[in-house]
Amino acid sequence: MDTIEYLMNGFGTALIWYNLLFAFVGVLIGTAVGVLPGIGPMSGVALLIPVTATITGGLPPEQAATSAIILLAGVYYGAMYGGSTTSILLNTPGESSSVVTTLDGYQMAKKGRAGSALSIAAIGSFVGGVVTIIAMVLLAEPLSNIALKFGPAEYFSLMLLGLAAVSGLAGKSVTKALMMTICGLLLGTIGIDNVSGIARFTFDVPWLYQGIEFLTIAVGLFALGEVFKTILEKDEEEEDIAKINNLLPSKEEFKESVGPIARGSILGFFIGILPGAGATLASFFSYLTEKRISKTPEKFGTGTIAGVAAPETANNAASGGAMIPLLTLGIPGSGTTAILMGALMMYNVQPGPLLFDDHPDVAWGLIASMFIGNIMLLVLNLPLVKVFAKIILTPKKYLIPIIIAISIFGVYAVQVSTYDLLLLLACGVLGYFLSKNDYPIAPLVLGLVLGPMIENNMRRALTITDGDYSIFFTRPLSLTFLIITVLWLLVPVFMKMKGKKVIINVEG
Amino acid sequence: MDIKFDRFAAVLFLAVGLLCVIGSRGIASSSYGSVVGPDIFPLILGILLMLLAIRLFYETFQASGSTEKKEKLQYKPFLIIFIASLLYILTLETVGYVITTFLFLFVCFQTMERSKWVTSFIISAGFSCFIYYLFVNVLKGTLPGWPIWFS
Chain A
237 MDTIEYLMNG
247 FGTALIWYNL
257 LFAFVGVLIG
267 TAVGVLPGIG
277 PMSGVALLIP
287 VTATITGGLP
297 PEQAATSAII
307 LLAGVYYGAM
317 YGGSTTSILL
327 NTPGESSSVV
337 TTLDGYQMAK
347 KGRAGSALSI
357 AAIGSFVGGV
367 VTIIAMVLLA
377 EPLSNIALKF
387 GPAEYFSLML
397 LGLAAVSGLA
407 GKSVTKALMM
417 TICGLLLGTI
427 GIDNVSGIAR
437 FTFDVPWLYQ
447 GIEFLTIAVG
457 LFALGEVFKT
467 ILEKDEEEED
477 IAKINNLLPS
487 KEEFKESVGP
497 IARGSILGFF
507 IGILPGAGAT
517 LASFFSYLTE
527 KRISKTPEKF
537 GTGTIAGVAA
547 PETANNAASG
557 GAMIPLLTLG
567 IPGSGTTAIL
577 MGALMMYNVQ
587 PGPLLFDDHP
597 DVAWGLIASM
607 FIGNIMLLVL
617 NLPLVKVFAK
627 IILTPKKYLI
637 PIIIAISIFG
647 VYAVQVSTYD
657 LLLLLACGVL
667 GYFLSKNDYP
677 IAPLVLGLVL
687 GPMIENNMRR
697 ALTITDGDYS
707 IFFTRPLSLT
717 FLIITVLWLL
727 VPVFMKMKGK
737 KVIINVEG
Chain B
3 MDIKFDRFAA
13 VLFLAVGLLC
23 VIGSRGIASS
33 SYGSVVGPDI
43 FPLILGILLM
53 LLAIRLFYET
63 FQASGSTEKK
73 EKLQYKPFLI
83 IFIASLLYIL
93 TLETVGYVIT
103 TFLFLFVCFQ
113 TMERSKWVTS
123 FIISAGFSCF
133 IYYLFVNVLK
143 GTLPGWPIWF
153 S
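Chains as they are written, first to last, in the numbering used here: chain A, 237 to 744; chain B, 3 to 153.
Calculated directly from the structure, the hints in this document are not laboratory data. You may find that some hints are simply not true.
What the hints assert, rightly or not - Straight-line alpha carbon distances no greater than 20 Å define the calculated PhoX-like cross-link-like pairs of lysine-lysine that follow: (1) Lys734/A / Lys408/A; (2) Lys74/B / Lys672/A; (3) Lys78/B / Lys465/A; (4) Lys470/A / Lys6/B; (5) Lys78/B / Lys672/A; (6) Lys74/B / Lys470/A; (7) Lys408/A / Lys6/B; (8) Lys74/B / Lys465/A; (9) Lys118/B / Lys672/A.
What the hints assert, rightly or not - Here are the in silico distance ranges between beta carbons for each label pair: (10) Thr121/B / Val729/A: 35 to 41 Å; (11) Lys6/B / Gly433/A: 39 to 45 Å; (12) Lys491/A / Ser117/B: 47 to 53 Å; (13) Pro619/A / Gly143/B: 34 to 40 Å.
Built from N, CA and C at the ideal position, the CB exists for glycine as well.
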């Protein structure tokens with residue numbers, strides 16, 4: 237049993253004291269990020285990359301990468317826990333994947349059942365998280381073995397599929413999403429070409445030779461963009477926080493939520509694996525499924541526990557599921573995983589099928605730490621949920637400028653360049669205007685991260701065939717990926733023509 | 003959806019795509035015996051971007067007039083904070099981290115809400131000194147600490 241042995245080694249890595257600390261800090265910050273409306277998991281993770289990079293600076297490279305990714309992944313799934321808190325107590329989702337939870341969660345809180353809603357949400361999240369980790373352990377080896385057989389043509393097509401999937405689901409307009417993807421890919425071409433060593437689009441500016449730094453763009457577009465949005469669209473209304481009475485749900489509530497949690501975990505996991513479909517979509521789907529199979533669908537929306545359990549389980553399961561294509565194939569399926577991938581690449585760790593062979597410490601350490609992190613979150617969230625609910629009272633007056641200061645500090649600490657800071661500020665303004673006008677940002681970052689890899693694989697494939705493009709269509713796997721890509725982009729268009737509503741995924 | 007913005011963006015993206023196509027023609031078209039050079043990828047992307055921009059421009063004519071209500075935007079605090087950030091960035095290397103961060107935070111705190119300047123003062127001073135100490139003394143990083151004419 238190779239897998240078990242690897243997993244045990246992973247636990248060995250994850251249980252080193254500083255990695256435990258990193259996981260703890262990660263999930264703690266993650267919960268806070270989830271609770272605070274305005275900072276989603278994407279900007280939270282982006283903001284913390286430079287901070288973790290400086291903290292892990294003293295460790296040897298591989299351990300630094302492990303510790304950093306443990307912390308950043310902790311932020312990611314921690315945010316899924318935190319998001320439910322404000323949905324239930326305030327009727328304002330802390331992040332987009334908890335939007336559905338408000339429907340029933342807030343109603344429950346109004347009826348004085350906030351405590352049981354919160355604890356079921358935490359338990360559901362825990363179960364969802366653990367189920368996906370187990371699935372991840374089982375799937376990691378076989379999937380990466382398949383991926384090892386891919387040639388450059390297959391990789392190219394697969395990455396195109398990933399990009400198309402994310403763009404197809406990313407926003408209101410597919411055209412805009414695709415434009416953002418292309419812009420990301422174009423930004424990725426700036427700098428010295430890896431293969432030939434020729435400078436492209438640098439205009440003889442030395443600063444551009446090493447390419448546009450992904451970190452600067454991500455922090456600027458996500459974190460600063462959202463901060464500027466909060467400043468510009470300041471709303472004065474103060475809402476009352478619902479009181480939390482008893483934390484333990486009753487036996488009936490437990491019984492009612494077992495089914496939704498079980499279904500939510502499985503549904504969420506499979507939706508999470510799909511590129512493009514993230515936690516938000518998973519929570520929507522599981523809520524709709526529960527409503528459809530329920531004997532009393534009219535109860536949904538009036539404060540039924542199943543309406544809280546299902547989406548909260550599913551969004552956590554999906555965030556774990558989204559890690560699978562990232563770790564095994566090296567293809568991020570969402571904005572947040574794209575940022576995680578960028579972070580790994582900053583440490584010279586290339587996610588993909590070779591990850592499990594080349595850096596077993598990183599891969600299995602991360603998986604083991606996700607398990608530990610989920611236990612920490614359960615322990616943190618059940619008794620301390622009242623404390624976390626207070627985070628929302630942090631005055632924006634102090635929060636907003638400090639986020640700007642941390643962004644600037646973080647980018648400067650890693651890049652040590654004023655040009656990068658100027659780019660950061662420009663990206664912040666750009667990020668605000670783009671997302672305000674429905675230009676999704678996640679595809680841009682995804683394009684920026686994947687761009688060089690897509691290009692390399694394309695050129696390798698074309699070099700093999702001496703410039704013959706038919707290689708992408710004659711290899712069966714590659715052709716399959718390309719067909720799915722085209723279908724993914726065209727099917728929603730046809731569905732819209734027929735007047736059907738297409739659910740879109742808005743993450744971050 | 004703001005149609006004006008979309009039209010403007012479509013034209014802008016069209017220009018970017020065009021520039022990319024023109025720019026990529028200046029890049030060598032082959033490298034070391036491979037017929038596929040560094041120019042192919044940007045060239046394809048540029049063409050795609052142009053096509054998409056045209057499609058977006060076409061879409062703006064199809065879209066029905068938006069009836070979205072105008073929300074009031076807080077331009078004044080945004081501009082102050084933006085300019086403060088810009089000055090902060092530009093003076094960071096010469097005046098040093100501690101002083102610039104302190105001033106930046108203090109100005110922003112007071113812009114967000116004009117009250118309790120003592121608390122603002124303490125938080126901004128505490129934050130800048132704490133980060134500097136943590137980064138330079140504990141983590142051994144490099145930050146321009148104090149004005150260059152000091153040291």
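### Message
Hinted pair, alpha-carbon criterion (20 Å max): Lys74/B, Lys465/A. Please report holds or violated.
### Response
Answer holds: Lys74/B to Lys465/A is near 12 Å, not above 20 Å.
### Query
Taking only the CA atoms, is the gap from Lys78/B to Lys672/A under or equal to 20 Å?
Measuring from Cα to Cα gives roughly 19 Å; hence the hint holds.
### Task
Starting from the range 39 to 45 Å, see whether the pair Lys6/B and Gly433/A falls in it by beta-carbon distance.
For Gly433/A against Lys6/B, whose Cβ atoms are near 43 Å apart, the range 39 to 45 Å holds.
### Message
Please verify whether Lys734/A and Lys408/A have alpha carbons no more than 20 Å apart.
### Response
holds (17 Å)
### Task
With 35 to 41 Å as the target window, see if Thr121/B and Val729/A comply at their CB atoms.
violated (54 Å)
### Message
A range of 34 to 40 Å was offered for this pair. Does it hold for the Cβ distance of Pro619/A and Gly143/B?
### Response
holds (37 Å)
#### Entry: Hint consistency between Lys74/B and Lys470/A [alpha-carbon to alpha-carbon, up to 20 Å]
Answer holds: Lys74/B to Lys470/A is near 9 Å, not above 20 Å.
### Message
Range first: 47 to 53 Å. Now tell me if the beta carbons of Lys491/A and Ser117/B are that far apart.
### Response
holds (51 Å)
### Query
Holds or violated: Lys408/A with Lys6/B, Cα cutoff 20 Å?
Holds, at roughly 17 Å.
### Message
Just to be careful, I want the Cα atoms of Lys470/A and Lys6/B compared with a cutoff of 20 Å; is the pair within it?
### Response
violated (24 Å)
### 20 Å Cα cutoff - pair Lys74/B, Lys672/A
The hint holds at about 14 Å.
### Task
Measure nothing beyond the straight line between the CA atoms of Lys78/B and Lys465/A; if it is 20 Å or shorter, mark the hint as holding.
It holds: about 13 Å lies between the C-alpha atoms, which stays within 20 Å.
Checked against the numbered hints above, the structure violates hints 4, 9, 10; every other hint is satisfied.
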